[in-house]
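**Student:** We have chain U already, so just place chains F and Z on it with the hints.
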Amino acid sequence: MSLLAMSTAESSLWSPEWLPRLPQRLVEMLLRNCHAPDWLVTLAGYAVAAGTVVAVFLTAFALLSLIERKTLARIQNRLGPNRAGWFGILQPVADGIKMLTKEDIVPAKAEWFLHLMAPILIVVPSMLALGVIPYGREWVPVSLDLGLLFFFAVGTLTEVAVFMAGWASGSKFPMLGAMRAISQMVSYELPLIISALGVIMVTGSLSLPAIVEHQGTYHLGFIPAWNVFTPWGLTATLVFFIASIAEANRCPFDLPEGESEIVAGHMTEYSGFKYALFFMGEYLGLFAISGLFITLFLGGWQAPLPGLTFVPSWLWFFAKLVAVIFTHLWIRGTFPRVRMDQLMRFAWLCMIPMALLTIPAAGIWVFTGGGLKGWLVIMPLLLIPWLILTTIHNRRLAPQTRTYTFADS
Amino acid sequence: MIPLIPLLILSPLILLAALGAVWNARPVHAALLLALALALTAGLYLTIGADFIGLVQFMVYVGAVAVLIVFSLLITRPGDEAEELARRPGAAVSGLACVLPVATVLLYAVSHTPDLSSGASESPTLPLQTLGKALFTDYAPAVLAVGVLLTAVMVGAVLFARDPDKKPPTPPGP
Amino acid sequence: MTPLALLLTVSSLLFTCGLFAVLTRRNAILILVGLELMLNAANINFIAFWRYGPPDPDLTGPLLVLFSIAIAAAEAAVGLAIILMVFRHTRSTDLNRLNSLHG
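Chains as they are written, first to last, in our numbering: chain U, 1 to 409; chain F, 1001 to 1174; chain Z, 2001 to 2103.
Misleading hints may appear alongside valid ones.
Cβ pair distances, simulated, as ranges [what the hints assert, rightly or not]: (1) U:210 to Z:2068: 45 to 55 Å; (2) U:360 to F:1155: 20 to 30 Å; (3) U:384 to F:1005: 56 to 66 Å; (4) Z:2068 to U:307: 25 to 35 Å.
Residues on chain F that point at chain U, a partial pick, calculated with CB under 7 Å [to be verified]: (5) 1020; (6) 1023; (7) 1025; (8) 1036; (9) 1055; (10) 1059; (11) 1067; (12) 1070; (13) 1074; (14) 1115.
A partial selection of chain Z residues facing chain F, derived with a Cβ cut-off under 10 Å [said to hold, decoys possible]: (15) 2003; (16) 2005; (17) 2037; (18) 2052; (19) 2073; (20) 2099.
Just so you know, these hints were derived from the structure itself, not from any lab.
Yeah, the Cβ is synthetic: ideal placement off N, Cα and C, and Gly gets one too.
Next comes chain U alone, as it looks inside the complex (with noise of 0.2 Å):
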């Protein structure tokens, strides 16, 4: 069969919403025309398809590093980098020319095999947990059926790189950095993974495809059935975003990273590329659980709306992951940084009760069969803890009355 009639057969090859797909089914046709066997087809298909994630998130990790400089300036009032050509578009390609041609400095007391594993591993787990996620209607990179848990998993290789960071680098800012960032992390995976557990109890499956599918349907004709508009999905959602936050140690929650804090905690003894490693695997991650946030929470692909279906799905992803990343960045530019012993508190004392409350109340919320009579019953379960750990925290950690004497008195 000629390469013209295998395209016309699949019609649907060139809609929008194959459009993701096109490098990969362009690659496996071409290969068996040329009668290559089946294991290189699937090899080759799957080699364009992690090249096509990493591309495009490679590209949108250069246009986030200048996109949040830009709004960080505007939230304070400045202009941001903008003279690296028209708007600062070039900035992204100047910071990189810096990174790669910046001399690589390693410390003499450094153990220099585990000061160069660090970065690397840290961008394989942002990079493994990218691949899991479905974009679109059909473009999952890899459809597993326990999705979710690799995700997790993949994501708890983080900490042991972060140590290897701190250790390797010899000197006491970087170690210190890292026993920050690991508590950190180990205290906001918790809320992170039990708010997951409710989605996962109600959809009955831990693969990600078929979590997005299960929030295709719209009550009322107009209100999707995304698991955001469930009450224990809303509490969900508020834990696993802030917890998102913590775990990507992005401000409020950068302690391990602040400058006026701590050098740059774990990174402190890095320079040039692997610095620049570090910063990519940072965003990357920041991609990666924005994406979860959004396949879990907020419907995946789902359109909002049943009439705007003919968008394609991939195009309502990147909408909701665009939404995303810039609450992540207004909120960067709005809240001072958290005290290491707050952010402890706050992880241990309010956002696992509340992410424990989720997993009953959407027990609960199958149990009524969703609707009015679900929310009325499972509000009152999840605003009263919510209420009495908030009182009991402001009235700990509210500043004393000043009293004020003054020279002449």
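**Tutor:** This is chains F and Z only, laid out in the frame that chain U set:
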């Protein structure tokens, strides 16, 4: 032979990493080699077909237990390797003397294991639904017991970590 | 060599490595490393018999491994908490120095 290839590649790597973990004089290197051995074991489970167990092994052992060990090494900062290296030959000989009989007995038992596979052609899968149902029906008492155990461990660890002389931090005043 | 025999050999050797660490090491935390290796060896045994042994539709092998992993994690946590408490008092993790109950 073909399905044996992943096993043949992973098994020596696991053993090498474990040997490094037990023999290396630098404690942090030993702990990281343990993490590597555990990660390779998780990979072994994944190639065999126990994918759920492999991912749980990775998440719990590499992501939690190895991090715990490495974190406590960071706190206690063990250093004296010179002394350790000096008394090594004696330790190695006495250790081997105790361990070789155990190894002999185990390998003898392994070599006399009959071929127990009943000739089933398809390899067993690990369906998640069956696992979940079994956990919460047949094994429910065990799950509850493990829950109580983990709660007790958490409470105990928190109690151990508290410094009895220090009073709790007061909120910042004016 | 059958896959079962290979996996059982690996688990036996892993067990002996762990036993060697527990017997020879002086640092308490590195003894815990050996303990984890021994538990892992037992887990490999369970999974090997589930996969290459008689058919197991009740999934007893993987279920036991799940419980074993959970209990191993709990025991590592408690062990490390105790070691850190002892370290706070004696400033050392050397087991040869913890002999104050000695006769």
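**Student:** For every hint, state whether the structure bears it out.
**Tutor:** Going through the hints against the structure:
1. U:210 to Z:2068: 45 to 55 Å: Violated, since residue 210 (chain U) and residue 2068 (chain Z) (Cβ atoms, about 29 Å apart) do not stay within the stated range.
2. U:360 to F:1155: 20 to 30 Å: 21 Å, holds
3. U:384 to F:1005: 56 to 66 Å: Holds: the Cβ-Cβ distance is about 58 Å, inside 56 to 66 Å.
4. Z:2068 to U:307: 25 to 35 Å: For residue 2068 (chain Z) and residue 307 (chain U) the Cβ distance comes to about 53 Å; the hint is violated.
5. 1020: 13 Å, violated
6. 1023: 18 Å, violated
7. 1025: 14 Å, violated
8. 1036: 10 Å, violated
9. 1055: Constraint on residue 1055 (chain F) satisfied, holds at 5 Å.
10. 1059: For residue 1059 (chain F), the interface hint holds, since the closest Cβ of chain U sits about 4 Å away, which is under 7 Å.
11. 1067: 5 Å, holds
12. 1070: 5 Å, holds
13. 1074: Residue 1074 (chain F) check passes; min Cβ-Cβ to chain U is 6 Å, inside 7 Å.
14. 1115: Check failed: Cβ of residue 1115 (chain F) comes no nearer than 30 Å to chain U, outside 7 Å.
15. 2003: 6 Å, holds
16. 2005: Holds. Min distance 6 Å.
17. 2037: 6 Å, holds
18. 2052: Residue 2052 (chain Z) check passes; min Cβ-Cβ to chain F is 6 Å, inside 10 Å.
19. 2073: Cβ of residue 2073 (chain Z) sits 5 Å from chain F, so the hint holds.
20. 2099: 17 Å, violated
Figure legend: structure checked against the earlier numbered hints; hints not met, in rising order: 1, 4, 5, 6, 7, 8, 14 and 20.
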